[in-house]
Amino acid sequence: MASDAIAIRAQGVASRPWVELVHEWITTVDHKRIGILYIVYALLFLVIGGIEAMILRIQLIVPQNNFVSPQVFNRMFTMHGTTMIFFVAMPVLFGFANYFVPLMIGARDMAFPRLNAFSFWLSAFSGFLLYFSFLGGNGLYGAGTAPDVGWWAYAPLTARAFSPGHSSDYWTIAVLVAGFGSVATAINLIATILCLRCPGMKLSRMPLFAWLNLVMSGMVLITITPLSAAQIMLLIDRYLGGHFFDTQAGGSAAIWMHFFWIFGHPEVYILIIPCFAFMSEVVPVFSRKPIFGYPVMVGATVTIGFVSMSVWAHHMFTIGMSSPANAFFTITSMVVGVPTGIKIFNWLGTMWGGKIQFKTPMLFCIGFLFQFLVAGLTGIMLACAPFDWQLGNSYFVVAHFHYVIVGGILFALFAAFYYWYPKITGKMLSETLGKWHFWLFVIGFHLTFDPMHIPGLLGMPRRIYTYEPGRGWEIWNLLCTIGAFVQAIATLIFVGNMIYSYFKGRDAGNDPWDAWTLEWSVSSPPPSYNFAVIPIVSSRRPLWDLKHPEDPDSQYE
Amino acid sequence: MSAQSSVNRIDASAAVPSEIHLPAPTAWPFVLGLGFVLLFAGLLTSASISILGAFLSVAACVGWFREVLPREHEEVVPVVPREIPIRTERPRVERFPTAPEPVRAWLPLETYPISAGIKGGWAGSVAMAVLACTFGLIKTGSIWYPINLLGAIVFEEPFRLDPAQLNAFHGNTFLVALIFHATGSTLVGLLYGAMLPMFPRRPILLGGVIAPLLWSGLLSSLLGLLNPLLESLINWYWFAASQIGFGVVAGLIVMRQHRIPTKENIPFAFRAGIEAPGLMHKKDGGEKQL
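Protein chains in written order, with our numbering: chain A, 1 to 557; chain B, 1 to 290.
Here chain A stands alone, though its shape is the one from the complex (with noise of 0.2 Å):
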């Protein structure tokens, strides 16, 4: 292939035989086209996903509901967070991370371009054999589909005697082969992000995209070992015949608990941190001003990566540990809130005194900023061991990291779509469809998860199949629904965006929002080779420097 530019645009695609495009995607090794693979994957597995949470809506919507069986519903909440969470949360960001971070600090490509394409292929086809387990999943006649033991899978609910068949070993496999992607992926972003910046991009003139999700690649690397381990360690009981989770076999329940969080909670901070990178892009742009602190968000974004690895066992409270344990754990989960904090208000300080344009980006940045406030301050009320003992595994749960996963990360996604997708394809998404987009999905949001916590403050536990009339739970659990059905519909307008603005949008040109990071400096889409010449720089702003030439902010740096 000797093309100048990535083959995406409707021209590009209706002159060339669709086999030979296959071919070009399947053996490509540019970044770019990896990250749109990527990228594309995760919105396929969002729909799959979405559709999933719908199904479990309408089984909740009212009492004694039967729109699905308890066994079809225990796979849907399965196949919903396993799937949003392996393979839609992290393949997007794997996606983005792996499109801008060589274009924002003026590399050609990845440290290791072939090592990225397998990464890409190993996640992608974890997920395919996870979802192959609805037609492979019946090892015994009766015995399942689809993996239904949740997406943290405690022991001892996989063990052979309570997870007969493969179901739960299709769970296990797609995450372990997917898990060796990541890290794969994690040493690709390290090496490049270390080891590939243009001439003069010290580490602190780096954007901080590149810098989060340096932090974000180092956390891979240690927290999806012992989910690797746990998973490979529960191979063994089921096949060979292991104890390591078998308690009445001197094994464990506790410690796959242990293993699973030790990765579980700080992949929450895998998830938000690299939102918390599109965050601090899209604000400054959008406000008119450079970043406030950089040096205090690098700080604080290291600092949340050391101590969000040590507050893993506040998700097991209620299993009875010592004081000791409640008592660290419940510090340490507090502790992390300084940083995050330091962080919001760093945004705001961004923000404030600047010319604040609202568009579509923004208005997503604003909705995680204020909606990523309310989930921490939930999360710390759900760090305190004895208000967690009351509420843990009850829908005040789900409410609260819903709030993260939704409210902050699905919203901070939405900002980086709208900011890089001009990039990503030469056209402009529409401004009209996307307010719609967002003040649908903004109402669909909070009357989904606003009423969400009220039940589960009344009592009722999550994964609940069921429930019976008369607890006070029916007008909550209906305005939950309504509110899913407001955001399907304000995805599908999102979706309808993209597809009609790839065909019919306005040109971006090179640099649509007048921003100052290099990617913006190449045309849209970037060329397969990046830059015709490595940039050099001399500050965070290069393409401010080059815009005002005056006063440039390498005078100050």
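These are calculated hints, taken from the structure and not from any lab test.
None of the values given here were measured: they were computed from a predicted structure.
Any given hint could be a false lead.
[Unchecked claim] Residues from chain B that face chain A, not an exhaustive set, calculated with beta carbons under 10 Å: (1) G33; (2) V77; (3) T88; (4) P113; (5) F169; (6) G171.
Here a beta-carbon is modelled for each residue, glycine too, at the ideal position from N, C-alpha and C.
Following the hints, position chain B against chain A.
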């Protein structure tokens, strides 16, 4: 767009190459990924799937290695010269209006560095430990009595001990007491370092004697409600004496350190790194720009 748009090129001064070498596309990562997953999928389906996966994996590894060894396969991509305009619609730069001089003074004007508080806390911790152990020796003939009591603040095991065992060494209790003592002394030392400059007169009397006495009295009355058993085991006169010992020694050590100006009197905009006239000084020379 403003008529005053500034336009520039990012590679204005550099020679543009006619072609660039990039890694050549390859199918082997795809094949290896498929083979790897099939290798595992055989556990769920049939051994033949694993065999196929193993075959694909080996073939892919061989193919991959042959592409990168001894020299990586590359493709040559011709560079298409393009004029990429770097322009802004907002050429005018506004500055935040900031007060040219501090409009009010924040007291104290000087304080001690953080290291002073840490040094004072550690020195005070030694003085307090000596006094507490002296009490243990005098009352029970053992230095471990006050240490076991200190460990009991966060560790319930000492309450299970009979009086004789309270005078003996217990490793886990000692460890807890040591951590608690070191952490508490460091934090209180830091507090001393921050607060002593705020006492205009007789800081040692206030910080070293009166404050520990007040603190001891408060703790004595509260502990009777919170933990009567622990309260009954403490000799409060010796407790107050050890606290005063800590306060006096920590205060003296802190006061021997050099003071530094506080930063509260520097404009916030300067401390936050905001570019503003008169606050940020331009570098001399500096690196060459893009």
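For each hint, the structure was consulted:
no.: 1; hint: G33; in the structure: holds, 3 Å
no.: 2; hint: V77; in the structure: holds, 5 Å
no.: 3; hint: T88; in the structure: holds, 4 Å
no.: 4; hint: P113; in the structure: violated, 20 Å
no.: 5; hint: F169; in the structure: violated, 21 Å
no.: 6; hint: G171; in the structure: violated, 16 Å
Violation of the numbered hints given earlier is confined to hints 4, 5 and 6; the remaining hints are satisfied by the structure.
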